[in-house]
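Please build the complete structure, drawing on both the sequences and the hints.
Quick note, the sequence shown lines up with residues 398 to 600 if you use our numbering.
Hints should not be assumed to be uniformly reliable.
As the list claims (entries may be wrong) - Here are the simulated lysine-lysine pairs, DSSO-like style, with alpha carbons at most 27 Å apart:
#, residue 1, residue 2
1, Lys553, Lys563
2, Lys556, Lys595
3, Lys555, Lys450
4, Lys521, Lys488
5, Lys480, Lys563
6, Lys488, Lys505
7, Lys450, Lys473
8, Lys450, Lys505
Unchecked claim - Label-pair distances were calculated between CB atoms; the ranges are:
#, residue 1, residue 2, range
9, Pro411, Asn493, 14 to 24 Å
10, Asp570, Gly546, 16 to 26 Å
11, Pro579, Thr519, 29 to 39 Å
12, Ile585, Gly565, 32 to 42 Å
13, Thr405, Arg445, 17 to 27 Å
Honestly, the hints are just simulated from the structure, not real lab data.
Each residue gets a CB set at the ideal place from its N, CA and C atoms; glycine is no exception.
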Amino acid sequence: MVKGSSETAIEYHPWNHFIPGNAQTLIIGTFPTALRNWSFDFFYPNRRNLLWKILADINGTALINEDGENAVSERKEILTSLKLGVTDMGKCIERNGGSSLDEQLCLKEAMDIFALLESNPTIKRLILTSSSGPVSALRWFMNYLNQKGIAVISPKGKKPLFFNLKFGDINVDVHVLYSPSPRASNRISFPVLTAMYKSVIKA
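Dropping the structure here:
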């Protein structure tokens, strides 16, 4: 991390990605929460975020560890079992006021998603974990495609949303689901949210 002024800070992604060799689906978020919210040193480290509870439920296992290295190992095992990779759209961001809210993030450099797909050709599905507001995984992904010269109409309507993306040798289905974040979890019940993720991951 490179600190800026007392109001903003430039941050580089601490992990970039985790993609097991058998991955078929790639989960894409925005950027990790502020450091003060971390319970472990890995993706979605805020224990209030529902993603790991969702994935454990889909995997038929119970989360045992909530912090430390054991929590990281446990979550990597779940990803590997479900043939899931995980990354974020933000490789470098500017964070305003130390906030953990997405709308307080300014994207400085996007993660090269196409490079990840080219290096992991078994991936056939993408899950974007947010779509609301000017800062979301979907908005940053669409901007990334635009920078690559790829014209795609952003999907509208009630989630889950879907579109297919073809570019060179890349051919992936893109699914836009509800966010597992604490702030978004009051919009949809946990069983429905889990079923939505399961329908893509187990497709």
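**Message:** Of all the hints numbered above, which does this structure not satisfy? Sort the numbers upward.
**Reply:** 8
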